[in-house]
Every structure is written in C-alpha cells, then in structure tokens.
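Based on the provided sequences and hints, a complete structural model is requested.
Residue 1 is where the sequence shown starts when you use the UniProt record's numbering, and the numbers rise one by one after that.
It cannot be assumed that every hint is accurate.
[Stated by the list, open to error] No more than 16 Å apart at the CA atoms, straight line, and that leaves these computed lysine to aspartate or glutamate pairs for EDC-like:
id, residue 1, residue 2
1, K2, E67
2, K23, E72
3, K2, E74
4, K3, D53
5, K8, E71
6, K2, E71
7, K8, E72
8, K8, E35
9, K95, E45
10, K3, E67
11, K2, D53
12, K2, E72
13, K2, E45
14, K3, E77
15, K23, E71
16, K2, E88
17, K95, D46
18, K8, E45
19, K8, E67
20, K3, E74
[As the list claims (entries may be wrong)] DEER-style ranges, computed between Cβ atoms:
id, residue 1, residue 2, range
21, S17, A84, 34 to 42 Å
22, E67, A24, 33 to 41 Å
23, T86, Q11, 16 to 24 Å
24, E45, Q76, 13 to 21 Å
25, D46, E88, 29 to 37 Å
26, V43, G63, 25 to 33 Å
27, G12, Y75, 30 to 38 Å
28, M1, A24, 40 to 48 Å
29, R96, E74, 18 to 26 Å
30, M1, E22, 23 to 31 Å
31, A84, Q54, 24 to 32 Å
32, N56, I21, 37 to 45 Å
33, E45, I21, 38 to 46 Å
Think of the hints as simulated: they come from the structure by calculation, not from any bench. From the three backbone atoms N, C-alpha and C, an ideal C-beta is built for every residue, glycine too.
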Amino acid sequence: MKKVWVVKDGQGNIVSSIRLIEKAVVAYISYHTIEDRVYMMYVTEDRASQVLDQLNQAKALYGFNLEFHIEEAEYQELITQSLAFTGENMVLVEKRVELVCAS
1 MKKVWVVKDG
11 QGNIVSSIRL
21 IEKAVVAYIS
31 YHTIEDRVYM
41 MYVTEDRASQ
51 VLDQLNQAKA
61 LYGFNLEFHI
71 EEAEYQELIT
81 QSLAFTGENM
91 VLVEKRVELV
101 CAS
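Following this line, the structure appears as structure tokens:
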C-alpha cells in the first residue's frame, strides 16, 4: 500500500495553507477530504514537515489560534474517502488582520 502524509488541523480536516486574500483579510481553508487536490497530500514526511512549518509561521504572523499536525495515511484510503464524501468539503475561516508595514 502506498503511504502518503497529510497535514490536518485540530478538527481533523486537511489543510495546506493560510493566505492573505485581500488587503487585510486572511483565509484559512481546510477540507474534510482531499477532493481532487493532490497538492494536499505529500509523498514524503519531510515535505509534510515543511508545509507544517509554513503553516505554523503563518498562524503566528496572522494571529490564528490553531493547531496543526502530520498524519500518515494510505493513498487509496484517502481516495476512497474522497469518493464517498457527499457533504460540503471546504471549510473557510476568514480573519481580519491589521498589517504593519515596515518603513
């Protein structure tokens, strides 16, 4: 069986990034399943660790109170869950932030 790694939030949802989407709005998006978004699973644990580090830096920068962790998963099981899932897959959390510009 092919093993992959995913990064999950404290709710057990798969996550890949925290982004600035507007001038002062940051979006944190997570997914109940991987959908067709293969970039949300990682072939090596090292790559998953890099993504985890990026998420932790972003949450500190933007003030999100979130916890993330890495989980090992079976590729085929992720695909099976994705195909079986019928609900709304995406969870969007937006936060207004006050950005400080260095002069």
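Hints and how they fare:
no., hint, result
1, K2 <-> E67, "violated, 27 Å"
2, K23 <-> E72, "violated, 36 Å"
3, K2 <-> E74, "holds, 6 Å"
4, K3 <-> D53, "violated, 21 Å"
5, K8 <-> E71, "holds, 7 Å"
6, K2 <-> E71, "holds, 14 Å"
7, K8 <-> E72, "holds, 10 Å"
8, K8 <-> E35, "holds, 14 Å"
9, K95 <-> E45, "violated, 29 Å"
10, K3 <-> E67, "violated, 23 Å"
11, K2 <-> D53, "violated, 24 Å"
12, K2 <-> E72, "holds, 10 Å"
13, K2 <-> E45, "holds, 13 Å"
14, K3 <-> E77, "holds, 10 Å"
15, K23 <-> E71, "violated, 33 Å"
16, K2 <-> E88, "violated, 27 Å"
17, K95 <-> D46, "violated, 29 Å"
18, K8 <-> E45, "holds, 13 Å"
19, K8 <-> E67, "holds, 8 Å"
20, K3 <-> E74, "holds, 5 Å"
21, S17 <-> A84: 34 to 42 Å, "violated, 25 Å"
22, E67 <-> A24: 33 to 41 Å, "violated, 24 Å"
23, T86 <-> Q11: 16 to 24 Å, "holds, 19 Å"
24, E45 <-> Q76: 13 to 21 Å, "holds, 18 Å"
25, D46 <-> E88: 29 to 37 Å, "holds, 32 Å"
26, V43 <-> G63: 25 to 33 Å, "holds, 32 Å"
27, G12 <-> Y75: 30 to 38 Å, "violated, 18 Å"
28, M1 <-> A24: 40 to 48 Å, "holds, 45 Å"
29, R96 <-> E74: 18 to 26 Å, "violated, 39 Å"
30, M1 <-> E22: 23 to 31 Å, "violated, 42 Å"
31, A84 <-> Q54: 24 to 32 Å, "holds, 30 Å"
32, N56 <-> I21: 37 to 45 Å, "violated, 20 Å"
33, E45 <-> I21: 38 to 46 Å, "violated, 29 Å"
Hints 1, 2, 4, 9, 10, 11, 15, 16, 17, 21, 22, 27, 29, 30, 32, 33, counting from the list given before, are not met by this structure.
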